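Residue numbers (UniProt numbering), protein chains in the order written: chain A, 1 to 360; chain B, 1 to 304.
Source of the hints: derived by calculation from the structure; they are not laboratory data. Here the structure is a predicted model, which is why all the values come from computation and not from measurement. Any given hint could be a false lead.
[Stated by the list, open to error] Here are the simulated distance ranges between beta carbons:
#1 B/Lys108 with A/Gln82: 19 to 29 Å
#2 A/Glu70 with B/Ser165: 50 to 60 Å
#3 A/Asp108 with B/Ser165: 52 to 62 Å
#4 A/Arg181 with B/Val94: 13 to 23 Å
Ideal Cβ positions, reconstructed from N, Cα and C, are used throughout, including at glycine.
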Amino acid sequence: MTFLQLDNIKKTFGELSVIKGVNISASKGEFVVFVGPSGCGKSTLLRMIAGLEDVSSGTLSIDGKEVTYEEPAKREVSMVFQSYALYPHMSVFENMAFGLRMAKLPEDEIKRRVGEAARILQIEPLLERKPRALSGGQRQRVAIGRSIVRNPKIFLFDEPLSNLDAELRSQMRVEIAKLHRNLGATMVYVTHDQVEAMTLADRIVVLRAGLVEQIGSPTELYDHPANTFVAGFIGSPKMNFLTAKVTGADSTSLQLSHPAFEGGTLSLAHPAAGKAKAGDTLTVGLRPEHLDVAAATPRLRLTADFAENLGGSTQIYARTGAETVIILANGRPDLTPGAAMTAGIDPRHIYLFTPDGLAL
Amino acid sequence: MTRTTSGPNIRPNRGYGRWTPFWFLAPAVFTLFIIGIYPTIFALVTSFRRYNIARPRDGFPFVGLENYTSVLTDGTFWASLFLTAKFYITVLPVEIVLGLVIALLLHKTGMGFLKSLARVTLVVPLATTYAVVGLIGRLIFNRDFGVANWFLDALGVGGLDWLGSQAGAFAAIVIMDIWQWTPFCALIFLAGLSMVPGEIEEAARLETSSKWSLLKHVQLPYLMPGLTALLILRSADVLKLFDMVFVMTRGGPGSATDLVSVYIQRVGFRVFDLGTASAQAILLLVITILLSRLYIRVLYKEVN
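Isolated chain A (complex conformation):
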């Protein structure tokens, strides 16, 4: 059942169109992540769900009730802001209790709920402190605690981890995931970090320039990106793209030519092979982690250029003509700059895109 529904939502600032018609639905208990480069409109979209930003056109409903023009406080959503937005003059307890006090809950119920949230988030010893006496991670917990106590219909997160250092970020990421599992609440989470998107989401919405590029589970997006944008955005390091010529195609397989291919050509079985014909140009997508420098059957011939030692693995930058191919290799392969090298790949991991960027 649809719990959160965005129907042809648009947002314009004067002449400027920021959200150009977005349709998203989420069911109860789902963790939805909006991801995209900065300026893609993901935060604006989240703020529109919260009611902090007016909707220019379209309808928005939460739990079967249309709330497009409802006041923020009446939507029963809570939000964790990037800056945490704690009330600086109130103690941690007061910060968490504020919404409940405004809702005129009895004082013992407020105490019970705040105490419960503080226990879950392990911030009980901090309840009497002011926000300025807290570390970034602690503030983050208080901000989340303030959301929990209200028992909202939807939790909204606006890049909540971007102000934390790397270690704390991965720790809080796990905690947010656990929180979602334990509360079973519907959450909408905005980030530009694809790792957060992959690890947290039940479903990812990839946005670009105010439009949805693709919606799907993390695995779907990784395995079957709808276009080169999604393919490049999901996965780290970024997918490699090579421009190849089709030299022959039938309904089940096609032959591609590119100087980097072993022997200059590559023969590939592909379910949509019939859509291509000889003479077409296709973009070949290869994920760095799928390329294997020690493969028994090499498929690519490259020139080693540079290597970054990551400890357990090595990120190799290899050249073919003007194009660069990044390879993520296990261990520390012995490479000299300028030396010839080969890489193999399982043909099932080769992605094909038409020249306008869509998956073949």
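Got chain A sorted already, so can you dock chain B onto it with the hints?
This is chain B only, laid out in the frame that chain A set:
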């Protein structure tokens, strides 16, 4: 840099000498001394002397606290001080409330051009000299052709002899003070409101739809430093409010608008008893300082 200056024989070429900062500060310090510090000291010294310039033959002998005892036992001084207090507690709540309402209206989003226009307009009364405000007041509250009476006529209420009646004259100076100082309050509050981080205001909007709660619990703490400054400035200002009232009513009719500064001026420059007038002025200074300390103690709190 610290290494070059700590060396015994190396003199850093800073492009200025040891006395250069002094010369830059000198004009301001000198001016401040001439128009601020020296007169205050002079008044303090004078307040311990018999100093009636209408009777120079008596000389100006030190008389200890005589001036102070005579001021503190002077019924008229107390009456004018109470009138000033009455004036203060009449104008201030109105100015604060109106200023806050204007600030909240200007703080709302939208209508960009009109808002900047309104902000500029707010400065006009502030930029007007007290004496001119008094002159404008005389025109507005003129019995025969003043706009105040024209307005009352239009409402069907009979005209009032504003400046000729006790209550009318007091009301007139109250209205003119509110006209002049409400914009100042509005600007101070507007600055305070813009100090509230956007996300904090939004966080509160998600938790309450009541504008009043938002103001009371979230915005008000940010307004307190401004409010404290406002109270201090206004109390100092009302205690020395002279020009506007003098131009409009000269303290009259009777003693209806005889604020403490008007009274001190009369003692000093009509009776020429500068000793007493100085003692009165020093007492005002003390009151101002005490009030300021009180406001800071009770109200001032930085939001971090």
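Status of each hint after checking the structure:
1. B/Lys108 with A/Gln82: 19 to 29 Å: Holds, since lysine 108 of chain B and glutamine 82 of chain A (Cβ atoms, about 24 Å apart) stay within the stated range.
2. A/Glu70 with B/Ser165: 50 to 60 Å: 55 Å, holds
3. A/Asp108 with B/Ser165: 52 to 62 Å: 60 Å, holds
4. A/Arg181 with B/Val94: 13 to 23 Å: Cβ of arginine 181 of chain A to Cβ of valine 94 of chain B: about 57 Å, so the range 13 to 23 Å is violated.
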